[in-house]
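Order-wise, the sequence lines are chains A and B.
Residue numbering for the first sequence is 1 to 427, as defined by the UniProt record's numbering.
Residue numbering for the second sequence is 1 to 427, as defined by the UniProt record's numbering.
Derived from the structure by calculation, the hints contain no laboratory data.
Take these hints with a grain of salt, some might be off.
[Stated by the list, open to error] Selected chain B positions facing chain A (in silico; Cβ < 8 Å):
| hint | residue |
| --- | --- |
| 1 | 87 |
| 2 | 90 |
| 3 | 102 |
| 4 | 141 |
| 5 | 266 |
| 6 | 267 |
| 7 | 303 |
| 8 | 376 |
| 9 | 427 |
Ideal Cβ placement from N, Cα and C applies to all residues, glycine included.
Residues per chain are reported as follows:
2 protein chains.
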Amino acid sequence: MAMSAASPHSLLLKKPNHRTTATTQFTGFPINPSRAATTTYKPISITCSTTTPLQDRPAATSQSSDRVFNFAAGPATLPEIVLKKAESELYNWRGSGMSVMEMSHRGKEFLSIIQKAESDLRALLDIPSEYAVLFLQGGATTQFASVPLNLCNPDDPVDYIVTGSWGDKAFKEATKFCKPTVIWSGKSEKYTKIPDFDALEQNPSAKYLHICTNETIHGVEFKNYPTPKNKDAILIADMSSNFCSKPVEVSKFGVIYAGAQKNVGPSGVTIVIIRKDLIRNAQPTTPVMLDYKIHAENNSLYNTPPCYGIYMCGLVFEDLLAQGGLVEIEKKNIKKGQLLYDTIDQSNGFYRCPVEKSVRSLMNVPFTLEKSELEAEFIKEAAKENMVQLKGHRSVGGMRASIYNAMSLAGVEKLVAFMKDFQARHG
Amino acid sequence: MAMSAASPHSLLLKKPNHRTTATTQFTGFPINPSRAATTTYKPISITCSTTTPLQDRPAATSQSSDRVFNFAAGPATLPEIVLKKAESELYNWRGSGMSVMEMSHRGKEFLSIIQKAESDLRALLDIPSEYAVLFLQGGATTQFASVPLNLCNPDDPVDYIVTGSWGDKAFKEATKFCKPTVIWSGKSEKYTKIPDFDALEQNPSAKYLHICTNETIHGVEFKNYPTPKNKDAILIADMSSNFCSKPVEVSKFGVIYAGAQKNVGPSGVTIVIIRKDLIRNAQPTTPVMLDYKIHAENNSLYNTPPCYGIYMCGLVFEDLLAQGGLVEIEKKNIKKGQLLYDTIDQSNGFYRCPVEKSVRSLMNVPFTLEKSELEAEFIKEAAKENMVQLKGHRSVGGMRASIYNAMSLAGVEKLVAFMKDFQARHG
Numbered sequence: 001m002a003m004s005a006a007s008p009h010s011l012l013l014k015k016p017n018h019r020t021t022a023t024t025q026f027t028g029f030p031i032n033p034s035r036a037a038t039t040t041y042k043p044i045s046i047t048c049s050t051t052t053p054l055q056d057r058p059a060a061t062s063q064s065s066d067r068v069f070n071f072a073a074g075p076a077t078l079p080e081i082v083l084k085k086a087e088s089e090l091y092n093w094r095g096s097g098m099s100v101m102e103m104s105h106r107g108k109e110f111l112s113i114i115q116k117a118e119s120d121l122r123a124l125l126d127i128p129s130e131y132a133v134l135f136l137q138g139g140a141t142t143q144f145a146s147v148p149l150n151l152c153n154p155d156d157p158v159d160y161i162v163t164g165s166w167g168d169k170a171f172k173e174a175t176k177f178c179k180p181t182v183i184w185s186g187k188s189e190k191y192t193k194i195p196d197f198d199a200l201e202q203n204p205s206a207k208y209l210h211i212c213t214n215e216t217i218h219g220v221e222f223k224n225y226p227t228p229k230n231k232d233a234i235l236i237a238d239m240s241s242n243f244c245s246k247p248v249e250v251s252k253f254g255v256i257y258a259g260a261q262k263n264v265g266p267s268g269v270t271i272v273i274i275r276k277d278l279i280r281n282a283q284p285t286t287p288v289m290l291d292y293k294i295h296a297e298n299n300s301l302y303n304t305p306p307c308y309g310i311y312m313c314g315l316v317f318e319d320l321l322a323q324g325g326l327v328e329i330e331k332k333n334i335k336k337g338q339l340l341y342d343t344i345d346q347s348n349g350f351y352r353c354p355v356e357k358s359v360r361s362l363m364n365v366p367f368t369l370e371k372s373e374l375e376a377e378f379i380k381e382a383a384k385e386n387m388v389q390l391k392g393h394r395s396v397g398g399m400r401a402s403i404y405n406a407m408s409l410a411g412v413e414k415l416v417a418f419m420k421d422f423q424a425r426h427g
Numbered sequence: 001m002a003m004s005a006a007s008p009h010s011l012l013l014k015k016p017n018h019r020t021t022a023t024t025q026f027t028g029f030p031i032n033p034s035r036a037a038t039t040t041y042k043p044i045s046i047t048c049s050t051t052t053p054l055q056d057r058p059a060a061t062s063q064s065s066d067r068v069f070n071f072a073a074g075p076a077t078l079p080e081i082v083l084k085k086a087e088s089e090l091y092n093w094r095g096s097g098m099s100v101m102e103m104s105h106r107g108k109e110f111l112s113i114i115q116k117a118e119s120d121l122r123a124l125l126d127i128p129s130e131y132a133v134l135f136l137q138g139g140a141t142t143q144f145a146s147v148p149l150n151l152c153n154p155d156d157p158v159d160y161i162v163t164g165s166w167g168d169k170a171f172k173e174a175t176k177f178c179k180p181t182v183i184w185s186g187k188s189e190k191y192t193k194i195p196d197f198d199a200l201e202q203n204p205s206a207k208y209l210h211i212c213t214n215e216t217i218h219g220v221e222f223k224n225y226p227t228p229k230n231k232d233a234i235l236i237a238d239m240s241s242n243f244c245s246k247p248v249e250v251s252k253f254g255v256i257y258a259g260a261q262k263n264v265g266p267s268g269v270t271i272v273i274i275r276k277d278l279i280r281n282a283q284p285t286t287p288v289m290l291d292y293k294i295h296a297e298n299n300s301l302y303n304t305p306p307c308y309g310i311y312m313c314g315l316v317f318e319d320l321l322a323q324g325g326l327v328e329i330e331k332k333n334i335k336k337g338q339l340l341y342d343t344i345d346q347s348n349g350f351y352r353c354p355v356e357k358s359v360r361s362l363m364n365v366p367f368t369l370e371k372s373e374l375e376a377e378f379i380k381e382a383a384k385e386n387m388v389q390l391k392g393h394r395s396v397g398g399m400r401a402s403i404y405n406a407m408s409l410a411g412v413e414k415l416v417a418f419m420k421d422f423q424a425r426h427g
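Same shape as in the complex, but just chain A (with noise of 0.2 Å):
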């Protein structure tokens, strides 16, 4: 699919606008007379384009010209479809005259979003009943400490494999609440590896075994998953930077928890699928907005949830559905990824990729360049051809391209094009 030419707008910064931005007055409701006559509105005529309903079209597979291609890791690109529905019904949500920002989260129309987003995400990763869903809020960092406090006592013996800086701050979380053990720790190798899991030294007296599915800074990724050796243990699994991008066995895990803000919606949002007979009495000093039974009693409105966040994800949902679901966003996802790497191992080492092959995530791309001191140049020539966020993570420097559902192809081979021409100039 051809890509349409970004127009050669500026990425600095700028202030605020102060000419007049035309925004519509919605179809099915009549501009009122009475407002233009207190305001200073004065009504023009534009030329709009029209939307239809997000399941009625054809995912987007080019971008506006208006758009930039945005690498960052999260909070990340969203679908265009998407925020093009959440702005026409930003202001007055599908004929209920209010915003989904202003709704009541007790009164029907909410209550109807955050039932179909549920309804939606069990369809897309197939999660049987006898697991709950939960839409909280406090990223996954949250969970680091809700995860030992529900699941364990404070002297239980739990098991982590470290493969990566977010799975090392769940172990040291976790050190407040209970005993946990890093079994495997991929530090020494700088985080380029998943472990062999047969040689792995679990505790059998473990209650649980802790992974993080995919390191969004490192860009390591399981492709399958180890089994707790207690056979009464439970699989916990982050699976935050690569949530919803590919189909996941539920079954296999006890909790799998992520924050929204990679593939599914904006930050504010986390969302944790846990099998319901895990939810049972917190350790005593819990705080009740970390109490798993507090919020599966109370269908997580315990107190207000992240309304808008919620109902943005319900959106993502729709539209991951729309376009067939998980098997086909990862065909989608592996496509990407493929083209991606393949530039950087054809590159006779002008870019370098340190993680071992088979577990290179298909989210969080990183490379370094062999002439480092070209970096800089690197992000900056992107910038201008409107690539963005592509600065590694500021702990180990480099490139990062973070290409998660949202990132169209047509952003990876502008990416691909833009790598060979660099190297073609560089090299």
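Go by the hints and put chain B onto chain A.
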């Protein structure tokens, strides 16, 4: 100011509208012809209103015909001007080529947003420089745990004044983390009073004194504030439901916290204002996300914050400043409250507000009907007139009109006119 007539569209939940909905291309970016060719979009000509920047516009005092008057207790009505601004830049924030929802929280665009939000809030509340402002997640309910975890040891005594359900919840949560005492409770009088401060029996060694300045469910509001007896103790206030509704002398408090979803934004953002010398080591078992020190040291960017919610709060702060700041806002709130309470008090007992007159909330106005069997009819008829969410909290019954900053005088005038008409027909 005359109120525009409300359109008689149904308030019942509607299914998504499958007709095409018009959205605009924003000025400044040409419509991309290649896009129309690759999708099914057809350009059509429609008439649109124009908007001017938030700060250049007069505050809206009338209501668009497609809006309902939303008396919900939170999430609650937002300023129309703010929603229009958000709508106009949802898809492409000020020429950045991306939505605020897609921005890296460490990028210069979002940093400018969060810094301006903080700076505007500091201007609004005249926050002294020795106070930190934190933008967090998890609602006031999370703060019920954070406050004791950060400010005292497990054996420390602390005092709670309980003037309603929220103060009671704060107290109960604190029992997990320190030794709280309820030194006054309004429960036996159904939470209709605020105590006489001089008669309070404060614990002389209490580390802090906690109040909830406005009880959303019961409609009871502190008009001034008690002073902790122990001169080293601090006053802590949950201001969720009257935050930014009037000027507050911040220096009287050690900590002020508030969920955003009443007066200043959508749900999912919690604001904490804390005197910097109180930011110390939290209890060892404090989850990292509840640790004020971590958030203060990282300028609320320890992990990914609720970016879009913070952006919305920023737009609201800008609007409140444009209206003349909290002195002007308070005048408007007094006028609205007076109108509504006068209508209740002058109804010869047809309407009743149980709260003691001197402490009635300007934000949440609970009332009952003498003939309680008419309450369902009242709510139903009001909804037909586009006034929604007037039902009292399930724990209290009756009616409740939440008239936060963003509820216009026109909305209260319309409610009052309806109440008088209802009384004339049913009195």
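Against the structure, the hints:
no.: 1; hint: 87; verdict: 4 Å, holds
no.: 2; hint: 90; verdict: 4 Å, holds
no.: 3; hint: 102; verdict: 5 Å, holds
no.: 4; hint: 141; verdict: 4 Å, holds
no.: 5; hint: 266; verdict: 4 Å, holds
no.: 6; hint: 267; verdict: 4 Å, holds
no.: 7; hint: 303; verdict: 4 Å, holds
no.: 8; hint: 376; verdict: 16 Å, violated
no.: 9; hint: 427; verdict: 29 Å, violated
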